[in-house]
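Trainee: What follows is each chain in one-letter form.
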Amino acid sequence: MPKVTYVSDAGEVRVVDGLAGDSVMQTAVRNGVPGITGECGGVLSCATCHVFVDEADLDRLEPVSGLEDEMLDGTVVDRCPNSRLSCQIKLSEELGELRVTTPEAQE
Amino acid sequence: MNSTAVAPRGTGVLVVGACQAGIQLACSLREYGYTAPITVVGAERHAPYQRPPLSKTLLHAETSPDAIALRSEAFYADQGIRLVLGERIIRVDRGDGGAGVAYAHSGRSFAFDRLALTVGARPRRLPVPGADLAGVHYLRDADDALALRAALAEAVDVLVIGGGFIGLEVAASARVLGCEVTVTLADNRLLERAVGVPTSEFFLDAHIRRGVRVHLGAPPVRLLDDGHGRVRGAELPDGSVLTADLVVVGIGAVPRTELAEQLGLTVDNGIVVNEYGLTSDGTTVAAGDCVACPPPVDLPDGPVRIRFESVNTAVEQAKTAAALLADRPVPYWAVPWFWSDQYDLKLQVAGLSTGHDRYVVRGEPDTEKFAVLYYRGGHLVAGDFVNRPADFLAVRSALAAGRTIPPEAATDTTVPLKKLIADDPRQAVA
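Protein chains in written order, with my numbering: chain A, 32 to 138; chain B, -17 to 412.
None of these hints come from the bench; they were simulated from the model.
A quick note: this is a predicted structure, and the numbers were derived from the prediction, not measured.
Heads up, the beta-carbon is just placed ideally off N, CA and C, and yes, glycines get one too.
A hint or two may mislead.
Partial list, computed: chain A residues near chain B (C-beta under 8 Å) [what the hints assert, rightly or not]:
#, residue
1, Arg61
2, Glu70
3, Ser76
4, Ala87
5, Met102
6, Asp104
7, Gly105
8, Val108
9, Leu126
Between beta-carbon pairs, the in silico distance windows are [unchecked claim]:
#, chain 1, residue 1, chain 2, residue 2, range
10, A, Arg91, B, Arg287, 45 to 53 Å
11, A, Ala87, B, Leu67, 24 to 32 Å
12, B, Gly(-8), A, Ala87, 48 to 56 Å
Below 27 Å or equal to it, Euclidean Cα-Cα: the simulated BS3-like pairs (lysine-lysine) are [said to hold, decoys possible]:
#, chain 1, residue 1, chain 2, residue 2
13, A, Lys121, B, Lys401
14, B, Lys351, B, Lys401
15, A, Lys34, B, Lys351
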């Protein structure tokens, strides 16, 4: 079963079992993980699901699309090289476990 | 505001309406430290879900209602939020200090210390002969979407009545599915209530480019029967007939105000609330598509109250109402925004362009990547953005900070809007 470890800006850790096909954002919102808003539901419209992906996981993800790249330029906490919008990271059995850190603010 | 908060006496908050606003209200109550029981009652059988995908991916992609659930079952249990589905509240009896009992259609009753109404809106019915023929669809909830998806799979000629978001998103979904699509509407431009003229004109061109036929200023006068009780088309005011084997009506929504009226609350195109989400009885709160609230941004000479129909306002109003119930009142004051996805076109809108006296267009609409920035009295007040998400975020943050973007500079697409955000000299003087 896919698993996501969410680390808050303050260092609190939540480990959540996810479902293949769900995104890292959906998995957080549905399970009440703080630090991810996802107001638009995952359609690249709000930029409130910004996360920093663990360096070890970064290259295992699908590449950033043009729209996602543009949205990342407008996140409330400035983007870093390991920034992603978590609605664009889909969980799968192959991907397995992921570790992301949430920024101080999303809105 | 403290006088309106009542210490929980045991039954806690009853939220009527298990929708985006209702679930947000319940979640925010817990987040704000409310410890008494929370019960959310919903009329639908589905677990609470997001509505925006109903007119988009749920229609043309393999998306199930489960995939659009707002929260997991475990989350509600963990948060101590009691969710009751498939029960429509039809009557509320009031006691003292905001407490009372709500009764469902089934006879079940729900006692409460405080009441929150997130009852939403229902689709406006088409007021012409033939509107109740088989093959005429409305789209509001998940069951409507599933029925429409099944019908679209069989349909050849789809007629959409209405040129708002529901109408155009359904038109786009139907085209993606390979149907012939015609849109007819009473207004003289598309998305009249939501965007400015340049954006309306763009969407007209964009739909026509993708093979949709559009009739402006042409509300059907009647729908035509095929002789077996099924719709075969619509007659327009000029007597011409549009052929269709499937009709989708998207001509707006009407707030559900029956419970509010029964409670004697002030209603005026929605349940009237103040900036704290409080209704006229001083104890009941309300949020979402059912409410008319004071504008959450400066709107000189604008309407006293506005009724929104968007995720963002539902969420913000719900947070506001929850904060009041948790005795931490904060007025609703935020830049409204919303989006629409049609084909490969992402529209994002920030702010309220009501009463603008100037606009500038950034980028060339024919490239399907452009923005329109609206100004009122020299202030930046709103923007429409097509496939320009970075510009949308820049304008949303400029508006939230009370800052501006000089209109002359904004038309230069080689410079990111983010770099043009400046202090608004007029705001500073004020």
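Trainee: All hints are to be evaluated individually against the structure, with a verdict given for each.
Mentor: Verification of the hints:
1. Arg61: Hint holds; Arg61/A Cβ to chain B Cβ min 4 Å, cut 8 Å.
2. Glu70: Constraint on Glu70/A satisfied, holds at 6 Å.
3. Ser76: Since the shortest Cβ distance to chain B is 4 Å, the answer is holds.
4. Ala87: Interface hint status for Ala87/A: violated (27 Å vs cutoff 8 Å).
5. Met102: Since chain B brings a Cβ to about 5 Å from Met102/A, closer than 8 Å, the hint holds.
6. Asp104: At 5 Å from the nearest chain B Cβ, Asp104/A passes the 8 Å test, so the hint holds.
7. Gly105: Holds - the Cβ of Gly105/A comes within 8 Å of chain B, reaching about 3 Å at its closest.
8. Val108: violated (12 Å)
9. Leu126: violated (18 Å)
10. Arg91/A - Arg287/B: 45 to 53 Å: With a Cβ separation near 51 Å, Arg91/A and Arg287/B satisfy 45 to 53 Å, so the hint holds.
11. Ala87/A - Leu67/B: 24 to 32 Å: Since the Cβ atoms of Ala87/A and Leu67/B sit about 42 Å apart, the hinted range of 24 to 32 Å is violated.
12. Gly(-8)/B - Ala87/A: 48 to 56 Å: holds (50 Å)
13. Lys121/A - Lys401/B: violated (33 Å)
14. Lys351/B - Lys401/B: holds (19 Å)
15. Lys34/A - Lys351/B: violated (38 Å)
Hints 4, 8, 9, 11, 13 and 15, counting from the list given before, are not met by this structure.
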